[in-house]
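S.K.: Below are the chains, spelled out letter by letter.
2 protein chains.
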Amino acid sequence: MQAVGLITEYNPLHNGHLYHLQQAKQQTGADCTVVVMSGNWLQRGEPAILDKWTRAELALQAGADLIVELPVFFATQPAHLFAQGGVEILSALGCESLVFGAEHPELDFDQLATALPDDPQAFHQYNATFATQFNTVLQQTTGVSLTKSNDMLGFCYYLANQRLGQPMRLVPIKRQVADHNQTTIKDASLFASGTAVRQAARAGDWAALAPVVPAATLTQLQTQRLQQWADFWPYLQYQLLTADVTQTHQDDQMAEGLEYRMKEMVQNATSFEDFLHLVKSKRYTYTRLQRVATAALLQLTTAEVQQAQAHNYVRVLGFNRRGQQYLHQVKKDLPLPLYTKINKDLRLHGLELDYRAGRVYQLINEQPQDLYRKPLIHLA
Amino acid sequence: MQAVGLITEYNPLHNGHLYHLQQAKQQTGADCTVVVMSGNWLQRGEPAILDKWTRAELALQAGADLIVELPVFFATQPAHLFAQGGVEILSALGCESLVFGAEHPELDFDQLATALPDDPQAFHQYNATFATQFNTVLQQTTGVSLTKSNDMLGFCYYLANQRLGQPMRLVPIKRQVADHNQTTIKDASLFASGTAVRQAARAGDWAALAPVVPAATLTQLQTQRLQQWADFWPYLQYQLLTADVTQTHQDDQMAEGLEYRMKEMVQNATSFEDFLHLVKSKRYTYTRLQRVATAALLQLTTAEVQQAQAHNYVRVLGFNRRGQQYLHQVKKDLPLPLYTKINKDLRLHGLELDYRAGRVYQLINEQPQDLYRKPLIHLA
Chain A
78 MQAVGLITEY
88 NPLHNGHLYH
98 LQQAKQQTGA
108 DCTVVVMSGN
118 WLQRGEPAIL
128 DKWTRAELAL
138 QAGADLIVEL
148 PVFFATQPAH
158 LFAQGGVEIL
168 SALGCESLVF
178 GAEHPELDFD
188 QLATALPDDP
198 QAFHQYNATF
208 ATQFNTVLQQ
218 TTGVSLTKSN
228 DMLGFCYYLA
238 NQRLGQPMRL
248 VPIKRQVADH
258 NQTTIKDASL
268 FASGTAVRQA
278 ARAGDWAALA
288 PVVPAATLTQ
298 LQTQRLQQWA
308 DFWPYLQYQL
318 LTADVTQTHQ
328 DDQMAEGLEY
338 RMKEMVQNAT
348 SFEDFLHLVK
358 SKRYTYTRLQ
368 RVATAALLQL
378 TTAEVQQAQA
388 HNYVRVLGFN
398 RRGQQYLHQV
408 KKDLPLPLYT
418 KINKDLRLHG
428 LELDYRAGRV
438 YQLINEQPQD
448 LYRKPLIHLA
Chain B
78 MQAVGLITEY
88 NPLHNGHLYH
98 LQQAKQQTGA
108 DCTVVVMSGN
118 WLQRGEPAIL
128 DKWTRAELAL
138 QAGADLIVEL
148 PVFFATQPAH
158 LFAQGGVEIL
168 SALGCESLVF
178 GAEHPELDFD
188 QLATALPDDP
198 QAFHQYNATF
208 ATQFNTVLQQ
218 TTGVSLTKSN
228 DMLGFCYYLA
238 NQRLGQPMRL
248 VPIKRQVADH
258 NQTTIKDASL
268 FASGTAVRQA
278 ARAGDWAALA
288 PVVPAATLTQ
298 LQTQRLQQWA
308 DFWPYLQYQL
318 LTADVTQTHQ
328 DDQMAEGLEY
338 RMKEMVQNAT
348 SFEDFLHLVK
358 SKRYTYTRLQ
368 RVATAALLQL
378 TTAEVQQAQA
388 HNYVRVLGFN
398 RRGQQYLHQV
408 KKDLPLPLYT
418 KINKDLRLHG
428 LELDYRAGRV
438 YQLINEQPQD
448 LYRKPLIHLA
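Protein chains in written order, with the working numbering: chain A, 78 to 457; chain B, 78 to 457.
Derived by calculation from the structure, the hints in this document are not laboratory data.
Treat the hints with caution; some may be incorrect.
Stated by the list, open to error - Capping the alpha-carbon separation at 30 Å, the derived lysine-lysine pairs in DSSO-like fashion look like this:
hint, chain 1, residue 1, chain 2, residue 2
1, B, LYS359, B, LYS225
2, A, LYS102, A, LYS421
3, B, LYS418, A, LYS340
4, B, LYS357, A, LYS421
If you're wondering where the values come from, they're calculated on a predicted model, not measured in any experiment.
Model the full structure from these sequences, guided by the hints.
M.R.: Written as structure tokens, this is what we have:
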């Protein structure tokens, strides 16, 4: 069996994702689709609207064969680290190709890559986002800049794959939504951005949602508790009010001095949005601030995140018969640990950070996220 | 002017406290009553049912002349440290006497004290509560044991006063409630325990409460949000779920190994009571566990508590004209810092722990506890 890999968030799964899955099979002729999906906390530093099990279930129903979790220490990171985590897992699972959506699938990544410095640390030296530094160098050397988030992410997949010796063939496909951040659902369209879908779901605008998401997604959005940052704001506030500033300083992705600003602004902030607005300055993007807030909420330190990133794993969330067969085929040579159930040792050690992230999510969602959970199995 | 001091919690102020105030004036003939009162967190490791400002207001209405806050780093401590903090403040304020309620006012503290070892560290060496160690030694040397909590507390006042060179005359008075932990209000009685009063207040049993509390207390209990541990349980749970065990280990009054037990039991506990029940063992009293939980909730470390205890202060919560005159009389020679309003410097430094404790309390109570607050002044 040959497999194609996808790196996803499915927040929540909509028609654009269905198209992505269909194209992945069609364009590669693979027998099996392997989906790496963020768990309960996402790349833009926010909680998923539906928990990872619900989203994995929707992925299975949408035709994915094997779903594994992107650990929180990669899922809540800037594009290059998010990409690294996902590519490592798909490569470990022996995927032959990686299909991803891009705004400009015609971009020549080989050419762009030659323009970059060899030193992977080159982008860690400045006080700017990775994307900004990256684009500055690209612009200077090639005249091209990757302003669209999925082009950028695609290039990060490319670089991560290159670093591993190019185990996978990369297949960009044209995204079916013009703008990732488009916030409204267009009439008579089958596609809408995740932002627009979440907004309509929170407003209960089911009529607008029905054409742009699978029926199963619609049902889940109608029946489950929908999570958002506002739900976790009391905990973040509590944490920033009580933690010593030297402790907050150690939170992952914290910038020098930002810990004082956050601890100061939390005193009078009336909501999470208000807090972000108060903390925001030219130095930090909203996404960066959300990621730092996520690290503060989950008490993820830079040290433990970096240590965990050196110990990636394959955590299975679900599979169908084809996924099961594929897993059986690859698991004897798997270069990463394979986790299907969580025991006390894993909770305290190997899966500690994912467990912690899930436990905080569970404070609102009230559904166990790790203990007593086993992979979803669709053997129909 | 001569002043008499009282060390109190007023959780909430009831007829037993009124009697204490009246007796304090009557038995000493003092011109002014100085009340040191715990802030929002109490000696048994729990939040006050009403906030410190409401309780200070009730104290003024009950005839107290000057009310100062016992800082959280003394207020949430075992009896000997609670006593030390209160006695230091009253002594600093030049009180001539200290009047306290006791189950057995006839006890001869001078005689008991001679039986104790001189070394104040003698009771810090064992893994048992201070009270237990203390009583073991007393029993062995004098045949007396202080089994009643107010006798014990009184003896701690005696020792703290002795350590300061006996600046105050100690006046024990017989408590008007037989048992401190009595949980029901007796018919036709004017007195009930704090426990019984709180229980009736939470049940909204105003008819039972009316005879045993001043009218002002009844009104406050009927109109304010009543705090209890259950309100803070989500935050404690969150904290124990996310904090690293080495961090939890540093929480004040933590016992060796207890941090693991707490982090383990919080996984499945369904409420604060359930949590305490799961953690409880012969090694720890419920009160000890509640104090550790308070430290964990407020993120108070042993190191910062001990450091703060070496820097006691006089934080004024309220006064009437007599209290104002008395404060004016003593403030030029005050051996401790006097704080009436909180500014940014005090919030970040001198009053940091009280500010933090108040800020957590405010998460439920929603009334600013320190910022923008100034002493209550009754100049009628």
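S.K.: Hint by hint, note whether the structure agrees.
M.R.: Consistency of the hints with the structure:
1. B:LYS359 to B:LYS225: Holds, at about 20 Å.
2. A:LYS102 to A:LYS421: violated (38 Å)
3. B:LYS418 to A:LYS340: It holds: about 21 Å lies between the C-alpha atoms, which stays within 30 Å.
4. B:LYS357 to A:LYS421: This hinted pair holds, its Cα atoms lying about 21 Å apart.
Comparing the model with each earlier hint shows a violation of hint 2 alone; every other hint is respected.
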